[in-house]
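Q: Just so you know, the protein sequences line up as chains Y and P, in that order.
Residues in the first sequence are numbered consecutively from 0, following numbering that gives the first Met the number 0.
Residues in the second sequence are numbered consecutively from 0, following numbering that gives the first Met the number 0.
These are calculated hints, taken from the structure and not from any lab test.
You may find that some hints are simply not true.
Quick look at which bits of chain P chain Y covers, simulated, 3 or more residues with Cβ under 8 Å [as the list claims (entries may be wrong)]:
| hint | region |
| --- | --- |
| 1 | 300-309 |
| 2 | 374-385 |
For lysine to aspartate or glutamate, the following EDC-like pairs were computed, each having C-alpha atoms within a straight-line distance of at most 16 Å [what the hints assert, rightly or not]:
| hint | chain 1 | residue 1 | chain 2 | residue 2 |
| --- | --- | --- | --- | --- |
| 3 | P | LYS337 | Y | ASP13 |
| 4 | Y | LYS41 | Y | GLU70 |
| 5 | P | LYS88 | P | ASP108 |
| 6 | Y | LYS19 | P | GLU379 |
| 7 | Y | LYS30 | P | GLU185 |
| 8 | P | LYS332 | Y | GLU70 |
| 9 | P | LYS273 | P | ASP343 |
| 10 | P | LYS337 | P | ASP122 |
| 11 | P | LYS332 | P | ASP343 |
| 12 | P | LYS55 | P | GLU185 |
| 13 | P | LYS60 | P | ASP190 |
| 14 | P | LYS376 | Y | GLU70 |
| 15 | Y | LYS30 | P | GLU345 |
| 16 | P | LYS86 | P | ASP108 |
| 17 | Y | LYS3 | P | ASP357 |
| 18 | P | LYS215 | P | ASP187 |
| 19 | P | LYS265 | P | ASP357 |
| 20 | P | LYS263 | P | GLU362 |
| 21 | P | LYS280 | P | GLU361 |
| 22 | P | LYS274 | P | ASP357 |
| 23 | P | LYS163 | P | ASP122 |
This structure is a prediction, so every number in the text was calculated from the model and none was measured.
Just so you know, even glycine gets a beta-carbon here, dropped at the ideal spot from N, CA and C.
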Amino acid sequence: MYNKEVLSVFLNNDYAGHLKGATVSSTLKSKESGDVVKFYLKINDYQKIETVMFKAFGGVPITYTAAKTCELYMGVSVIQAQKITEEKILQATANLSEDNEICANLCFLTINDALGKYFKKVQKESK
Amino acid sequence: MTRIYFDNASTTRLSGEALNEMMPYFTETFGNAASRHSFGREAQSAVDNARDVIAKAINAKSSEIIFTNGGTESNNFAIKGVALANKHKGKHIIVSQIEHPSIIDSCADLEKLGFEVSYVPVDENGLVSMPELLHAIRKDTILVSIMAVNNEVGTIQHIKTIGKIVEDYPQAYFHCDAVQAISVLEIDVVDMNIDLLSLSSHKIHGPKGVGALFVKSGVAINKIMHGGEQEFNKRGGTHNVAAIVGFAKAVELTIRDLKAINKKLKQLSNYFTKKLEYEIKGITINAKIRQRAPAIINVSFNYVDAETILIMLDQQGIAVSTGSACTAGSAKKSHVLKAMGKTDEEVNSSVRFSFSVDNTNEEIDIAIRALTNIVEKIRENSPLYNKNFKKVGVRNV
Numbered sequence: 000m001y002n003k004e005v006l007s008v009f010l011n012n013d014y015a016g017h018l019k020g021a022t023v024s025s026t027l028k029s030k031e032s033g034d035v036v037k038f039y040l041k042i043n044d045y046q047k048i049e050t051v052m053f054k055a056f057g058g059v060p061i062t063y064t065a066a067k068t069c070e071l072y073m074g075v076s077v078i079q080a081q082k083i084t085e086e087k088i089l090q091a092t093a094n095l096s097e098d099n100e101i102c103a104n105l106c107f108l109t110i111n112d113a114l115g116k117y118f119k120k121v122q123k124e125s126k
Numbered sequence: 000m001t002r003i004y005f006d007n008a009s010t011t012r013l014s015g016e017a018l019n020e021m022m023p024y025f026t027e028t029f030g031n032a033a034s035r036h037s038f039g040r041e042a043q044s045a046v047d048n049a050r051d052v053i054a055k056a057i058n059a060k061s062s063e064i065i066f067t068n069g070g071t072e073s074n075n076f077a078i079k080g081v082a083l084a085n086k087h088k089g090k091h092i093i094v095s096q097i098e099h100p101s102i103i104d105s106c107a108d109l110e111k112l113g114f115e116v117s118y119v120p121v122d123e124n125g126l127v128s129m130p131e132l133l134h135a136i137r138k139d140t141i142l143v144s145i146m147a148v149n150n151e152v153g154t155i156q157h158i159k160t161i162g163k164i165v166e167d168y169p170q171a172y173f174h175c176d177a178v179q180a181i182s183v184l185e186i187d188v189v190d191m192n193i194d195l196l197s198l199s200s201h202k203i204h205g206p207k208g209v210g211a212l213f214v215k216s217g218v219a220i221n222k223i224m225h226g227g228e229q230e231f232n233k234r235g236g237t238h239n240v241a242a243i244v245g246f247a248k249a250v251e252l253t254i255r256d257l258k259a260i261n262k263k264l265k266q267l268s269n270y271f272t273k274k275l276e277y278e279i280k281g282i283t284i285n286a287k288i289r290q291r292a293p294a295i296i297n298v299s300f301n302y303v304d305a306e307t308i309l310i311m312l313d314q315q316g317i318a319v320s321t322g323s324a325c326t327a328g329s330a331k332k333s334h335v336l337k338a339m340g341k342t343d344e345e346v347n348s349s350v351r352f353s354f355s356v357d358n359t360n361e362e363i364d365i366a367i368r369a370l371t372n373i374v375e376k377i378r379e380n381s382p383l384y385n386k387n388f389k390k391v392g393v394r395n396v
């Protein structure tokens, strides 16, 4: 059902877990699949995403997609992060033969929700 | 690595006795049971003897047992064969919401041909609602199909009561999917007023690829496997003689040891449940009622998705299941748990453990140790987990 790369990332990746001292986090649930994902972002003073971590509920597809999403956003500036499209997540998770559209969509919305919270926070702090 | 198999509702190990019984029919007695020469007659005799054994086990006549290639074919045959043969009398069929996919999908196919299917709901333990069944059955109902033992949660239906209800509607037949039932209950098709009954060999330590459909004398049923006049001209296809012989042996041993089998399974089930509830908090045993097959235990692990448990247990050599085997490959959600009113999270976090007499308490100890560590690790990484087990609110998209 899942190829070696997918299972390998599912069982061992550096992005799963709680991020202490996260700048922002967001949790969303997919109405369609019931999957839930939480992303934590630690963003430094230069508006660079230093660390991304996730927690996921829903099995292999969402865990794999979340890990791949973290890889895409790790180390980029928040400006560059806004340019990462859902399509890029889909491409990164092409090894998933099924369910990747729903998972990619959930991860994309959740991480962008977290970024949205960051921008609101910055705006509030600058007033 | 010790390998532990807790997926006996999916399939079981072929017993040594069944294998021994089958061996001559691979090489020595290899004739086609439909052939008229002595090679064929020898094979036919073996098939007939097997038929007698299975008929006796359920209080049926030998001429009422039709061999198929398994439970899925038997269910398809029962639903489609009866519907098509009796459509002039009516086009209404009743099944429960928790039937096996071979029943549900057969009904979906018939709906495209203009049949009307009522899917009777079940309660939170998977028991068919009798008031709803009574409400659904009507003068143009031609078939009621309710499984005796549910393969996902183990709920045992009140088959005798359902048989009595259908008896009041002479134009309606009662089909019972007993694929998981023969090692759990004493089945008497006369006493239970059953018109059709599906059986499967590989659930009771018999070989895969063979099953049977009991069709009571007088039941109108269309052939769906054309191309031969075998099985009283009801089901074409060369007999898998070795498998049929193995099937009969498995049935014989199951009936002979029914009490002992159930005693062992109850002991294993109780041991597993007590230990699990002691070691891991935040779990729900689904269908935790007396009227449940002891071999099947379906457990929801709060905040933990079932697929992850399955994969991590598999890494340690322990086999369990999520949903039913027939749907596991397609990663669909369990329609059975949804019908029982479980939430998405509960459905996604449910694992089925199913035992056989081969399993031991030591295996249970090893599995629960592994499970405890796995559940703890997964919960740490679950966005839904709250150490106080309070519900975490999450926005839907």
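Q: Taking the earlier hints as the rules, which of them does this structure contradict?
A: Result: hints 3, 5, 7, 8, 9, 14, 17, 21, 22 and 23 break, sorted rising.
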